[in-house]
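Chain A is already provided as a structure; the job is to place chain B on it using the hints.
Chains A and B supply the protein sequences, listed in that same order. The opening residue of the first sequence carries number 113 in the working numbering; numbering runs sequentially from there. The opening residue of the second sequence carries number 115 in the working numbering; numbering runs sequentially from there.
These aren't lab readings, by the way, just hints derived from the structure by calculation. Some hints here could point you the wrong way.
What the hints assert, rightly or not - Computed, partial: chain B to chain A, Cβ under 10 Å:
1. Trp121
2. His190
3. Tyr193
As the list claims (entries may be wrong) - Under the rule of at most 25 Å between Cα atoms (straight-line distance), these lysine to any residue pairs were calculated in the SDA-like manner:
4. A:Lys246 - A:Ser188
5. B:Lys163 - A:Asn220
6. B:Lys184 - A:Tyr196
This one's a predicted model, so the numbers in the text were calculated from it and none came from an experiment. We put the beta carbon where it would ideally sit given N, CA and C, even for glycine.
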Amino acid sequence: MEMVAVKDSAISENGTERTLYPYVTGTSVIGMKYKDGVILAADMGGSYGSTLRYKSVERIKHIGKHSLLGASGEISDFQEILRYLDELILYDNMWDDGNSLGPKEIHNYLTRVMYNRRNKFNPLWNSLVLGGVKNGQKYLGMVGMIGTHFEDNHVATGFGNHLARPILRAEWREDLSFEEAVKLLEKCLLIAKITEEGVTISQPYALKTYWGFSAFQNPSKGAEGSW
Amino acid sequence: MALRRDWVYENNGGTCVAIAGTDYCVIAADTRLSVGYSIYTRDYSKICKLADKCVMASSGFQGDLKALQKNLAARHLIYQHQHNKQMSCPAMAQLLSNTLYYKRFFPYYTFNILGGLDSDGKGCVYTYDAVGSYERVGYSAQGTGAGLIIPVLDNQLKSPSPLLLPAKDAVTPLSETEAVDLVKDVFASATERDIYTGDKVEIMVINASGIRQELMELRKD
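Isolated chain B (complex conformation):
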């Protein structure tokens, strides 16, 4: 019999969403931590500020999630000591990819979105799979509620084809407040059907003036 190693993982659920605009980025995750049909806690933050203009939202296995956050935070501290500056969002995106791929054969069971502003001050969203393949996009959703949210975002935001020449920016035409409202709507909707999403949604808005946090209550059932 093959060696069973499924016990090393647990699915603690959670949903992450991010939207990039011309001069802002909205990144959000719910605060429910559950396993199976039971809830561990209704107030667990899955969002981690990695740099001044770079935020990561993650879902999946909480143990791996925390290990990944600590790893990246430590790597960013070293970067600051060596370069005397904050890491840029595209650089952090590559670091996250490498960090995930480093554990390709014993993966971090985490589904991440990285959001922030690039060096030009433009909003950016990077979306990942558990083993590190990644892509810069205009918007994304990850986690247990992603399947419910992605089609809505596709419908509302219509990202340009990556095959277009000349390449078009993958930023959304929405204003910051419109994007925040859309995020609130998709979370409220995902909460209706996804049992792993609910309780609260934590929304981070990153723009030139810094990072702002918002909390919205969701259904608790």
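With the rest of the complex left out, here is chain A:
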């Protein structure tokens, strides 16, 4: 509580004491359900702008007994979120009632944390993926920086949503085995990696064209007064 008070006073004095842009960032996280669980994937790079500053950042952590959390975006904000969650799990354990927070509860907690921080104009600069299994129930959800959240059979943050999800939509099945799931994730990651690290430009070449359609051969046919 004290730390929050200190931060608040800093905000009122300077007006702009908050995350305006991220410093050290992690790239996409991809997650999907498979036959008997949920699988998450992310690389271990921590980028400082375009520099690969840290090479072994763990961006996927386990939360409590049933959940996995993957994060892209500001690494320090992710570490703060981990501290929030550690405290949450600790206080939950102290009830000693045999109950435990499942992935659904953790995800809901995170959605509220992210949304409340954006309401204070002081966001946690992350996109989070939360996966888990509790009582045989698979769960996979996502939360964005400003509190946008949803569940799905497969999710991906950042560029992963552009690159990996079209593949996942085409190839994902409910009954994917673990090996198949890993293979599919590797395929997604490979594409995410190739495109995020740069571009290859081929020599120019002409496209195959077909001008044989009747509309091309007589383009003005039926154009005048046809209706």
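This is chain B only, laid out in the frame that chain A set:
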């Protein structure tokens, strides 16, 4: 430089439509959740049952949308404990307006339609802007596809002028099944041109016997 605060909002798209009849109300929304040119999920319900005869469909920013739904659900729970009854649709309409206006200077970026039955069992539709100004109408559309749908509904349903004396009921002459078919048609059409509308449409029909849900597939491109 002025403080940029545009990042606190995101447009997740979506379209809502509602039609009121003499003894029913049809309220519908698509299930696509997107941002820019990419889709978050194809299966996100934007419809929320607030009371036995009162349903809200919303589009806009998903974070605000969910916060608004939770807020109204909590307020309705308190109402039930205090009055031992369900809130009426006109009362919920006023509550929604007040809730939106309460955040006039940091608005919920949501575009809502409230539909249901009033105390006489007549169909009612309330339509809103993001800061709470509202109106009871016979039919309405809100969200990214509204511009495509409203003219069609105007053409098909012809609401009576609000200036007429004596005032005429703002209910449509359509039967329940005709209204449902019209809703399906306008969604299929909006999906053709609006990139934020598609995947599925969730239709809720509220009448004396309760609430019925229908799902129809839409184009996924």
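Hints and how they fare:
no.: 1; hint: Trp121; verdict: holds (7 Å)
no.: 2; hint: His190; verdict: violated (20 Å)
no.: 3; hint: Tyr193; verdict: violated (23 Å)
no.: 4; hint: A:Lys246 - A:Ser188; verdict: violated (29 Å)
no.: 5; hint: B:Lys163 - A:Asn220; verdict: holds (20 Å)
no.: 6; hint: B:Lys184 - A:Tyr196; verdict: holds (23 Å)
In this structure, the hints that do not hold are numbers 2, 3 and 4, in rising order.
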